[in-house]
Structure formats: C-alpha cells, structure tokens
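Protein sequence lines, in the order shown, are assigned to chains F and G. Going by this note's numbering, the first residue of the first sequence is number 1, and it counts up by one from there. Going by this note's numbering, the first residue of the second sequence is number 116, and it counts up by one from there.
Watch out, some of these pointers could steer you wrong.
[To be verified] Stretch by stretch, here's where chain G covers chain F in the computed footprint (C-beta under 8 Å, at least three residues):
no. : stretch
1   : 42-52
2   : 84-95
3   : 105-115
[As the list claims (entries may be wrong)] Counterexamples of contact, computed for chain G against chain F with all Cβ distances above 10 Å:
no. : residue
4   : 126
5   : 127
6   : 140
7   : 171
8   : 173
9   : 175
10  : 177
11  : 179
12  : 183
13  : 184
14  : 193
15  : 196
16  : 205
17  : 207
18  : 227
[Unchecked claim] Here are the simulated lysine-lysine pairs, DSS-like style, with alpha carbons at most 25 Å apart:
no. : chain 1 : residue 1 : chain 2 : residue 2
19  : G       : 171       : G       : 223
20  : G       : 153       : G       : 175
21  : F       : 41        : G       : 223
22  : G       : 151       : G       : 166
23  : F       : 66        : F       : 55
24  : G       : 153       : F       : 41
25  : F       : 64        : F       : 14
26  : G       : 223       : G       : 153
27  : F       : 41        : G       : 151
No lab work stands behind these hints: they were computed from the structure. Ideal placement from N, C-alpha and C gives every residue a C-beta, glycine not left out.
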Amino acid sequence: GAVVSQHPSWVICKSGTSVKIECRSLDFQATTMFWYRQFPKQSLMLMATSNEGSKATYEQGVEKDKFLINHASLTLSTLTVTSAHPEDSSFYICSARIGTPGGQFFGPGTRLTVL
Amino acid sequence: SQELEQSPQSLIVQEGKNLTINCTSSKTLYGLYWYKQKYGEGLIFLMMLQKGGEEKSHEKITAKLDEKKQQSSLHITASQPSHAGIYLCGADNMFGGYQKVTFGTGTKLQVIP
Numbered sequence: 001g002a003v004v005s006q007h008p009s010w011v012i013c014k015s016g017t018s019v020k021i022e023c024r025s026l027d028f029q030a031t032t033m034f035w036y037r038q039f040p041k042q043s044l045m046l047m048a049t050s051n052e053g054s055k056a057t058y059e060q061g062v063e064k065d066k067f068l069i070n071h072a073s074l075t076l077s078t079l080t081v082t083s084a085h086p087e088d089s090s091f092y093i094c095s096a097r098i099g100t101p102g103g104q105f106f107g108p109g110t111r112l113t114v115l
Numbered sequence: 116s117q118e119l120e121q122s123p124q125s126l127i128v129q130e131g132k133n134l135t136i137n138c139t140s141s142k143t144l145y146g147l148y149w150y151k152q153k154y155g156e157g158l159i160f161l162m163m164l165q166k167g168g169e170e171k172s173h174e175k176i177t178a179k180l181d182e183k184k185q186q187s188s189l190h191i192t193a194s195q196p197s198h199a200g201i202y203l204c205g206a207d208n209m210f211g212g213y214q215k216v217t218f219g220t221g222t223k224l225q226v227i228p
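The following block holds chain F by itself, in its conformation from the complex:
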C-alpha cells in the first residue's frame, strides 16, 4: 500500500515551453501533496504544499508563477513548469501524505531536462 506514482519519469523539452508533471496516490486518498526539487548531489528541497481544491502554499524563494500546482482531487496533483529554462532542469519528486500524523510517501521522481 501507500504507492505514489509520477508521470512522466523523464522529460526533455526546449527552452520556453511548458511541462506538466503528474503525481498520483494510487491506493489511498492523500490529505496533502507536496512537491520537492533535487539538484545533483544535493538533498531534497520542498517547493510547495497543496491540498485538494485550494491554492498551493509555496516555500520562500519558489516562484508561484513559474511552478503552477493544481490539486484536482484527493489522488492527483500536477506541477507545471512554465516557460522552462535550462536552470529549471532538475529532479522533481512529489509526495503524498496520509492523515496527521500519518505518514508521507514519495513518488519515483521526474527528471526534467531543458535544452
């Protein structure tokens, strides 16, 4: 149980285009979903927190207009990287939480490369 999936697992795009990444909790309804970013050889940095039907809460320094988050249902959250640039290239990992205190489970990640 407690499986989180992400799609796509990797994507290559041209600079200036937008990319959408999906995150799904497969066998549970998530009270909250999270998006993290990881640069090479670094730890995970929390980007934003979202609940179904409400606006995402972004961490300091994260551009909300650049990283659009839509939390359509209790099992689906999407992250859209708008007008992507090479510096947006990174490993993006989503996570979903069951209850409080519950547990937090992570997806397999999406590697984004912007050319």
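Mind docking chain G on chain F? Use the hints.
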C-alpha cells in the same frame, strides 16, 4: 522551519563493516523518517520514528531516536554493496498549518567489495 544536519556527509566502508549515520535537529523531532536514494531515483522508505527512545530494525538496518528527540542514528550491520546510496533523514514539521517533511543534507555511502 527545522534544520537537520547529517554526519558524515560521505562515507566509504569495506564490505562487512558496520557503520552509523547521524541526524541532528535544531528542534524537537515529532517524527523522523529515514530514506535511501540511489542517485537520480526516487526515495525508498526505510523507517519512521516518533517516540523518544524508539528503536526500529529492518534486516541489517537499525534506527534510533534519542530520548530528547533531537537526534537520530541509522546503523548498518555487516554492510553490503547493496547498501550503497544516499541516506536522507527527514523531519516532520508542522508549519503554516500543514504537516510536512523537510530533509537533512544527506549522507553518501559507498561500500567497497
């Protein structure tokens, strides 16, 4: 939010040797996760600790949370090449009305056959 420091930052051990990774928090830990990650891959959940003094084991990996709930250790017994990877500790925070996990700096483990 919570600051987590892991030590050492990297570790190279001979196969069969024991090792310990530490995770120290600037604040009391209400929940502490240990994950393993291969570079470029997702996180593998290892263990979650919530109570002071709690200890959990899975196969050759044991994690402990100290009584004061500000430090956790991960101990691997008789290490194997399959244990190689990046180990991350994550702290459960309540911030901005949400409970969420933020991560330590990570420890890179290499196991030499």
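Cross-check of the supplied hints:
1. 42-52: Check passed, 7 qualifying residues.
2. 84-95: Per the Cβ count (3), the hint holds.
3. 105-115: Our answer is that it holds, as 6 residues pass the Cβ test (under 8 Å) against chain G, meeting three.
4. 126: 15 Å, holds
5. 127: Non-interface label stands for residue 127(G): nearest chain F Cβ at 16 Å, farther than 10 Å.
6. 140: 14 Å, holds
7. 171: Given that every Cβ of chain F is farther than 10 Å from that of residue 171(G), nearest at about 13 Å, it holds.
8. 173: With a cut-off of 10 Å, residue 173(G) remains clear of chain F, as the shortest Cβ separation is near 15 Å.
9. 175: For residue 175(G), whose nearest Cβ neighbour in chain F is about 23 Å away, the distance exceeds 10 Å, so it holds.
10. 177: 20 Å, holds
11. 179: 19 Å, holds
12. 183: Non-interface label on residue 183(G) holds, nearest chain F Cβ at 19 Å vs cutoff 10 Å.
13. 184: 14 Å, holds
14. 193: Non-interface label stands for residue 193(G): nearest chain F Cβ at 27 Å, farther than 10 Å.
15. 196: Given a closest Cβ separation of 20 Å, the condition holds.
16. 205: 8 Å, violated
17. 207: The assertion about residue 207(G) is violated, with a minimum of 7 Å to chain F.
18. 227: 20 Å, holds
19. 171(G) x 223(G): 22 Å, holds
20. 153(G) x 175(G): Given that 25 Å is the threshold and the Cα spacing comes to 18 Å, the pair holds.
21. 41(F) x 223(G): 9 Å, holds
22. 151(G) x 166(G): 21 Å, holds
23. 66(F) x 55(F): 15 Å, holds
24. 153(G) x 41(F): Given pair residue 153(G), residue 41(F) holds - Cα atoms ~11 Å apart, limit 25 Å.
25. 64(F) x 14(F): 21 Å, holds
26. 223(G) x 153(G): Since the Cα atoms of residue 223(G) and residue 153(G) sit roughly 10 Å apart, the hinted pair holds (cutoff 25 Å).
27. 41(F) x 151(G): 14 Å, holds
Hint compliance for this structure: hints 16 and 17 are not met, and every other hint is.
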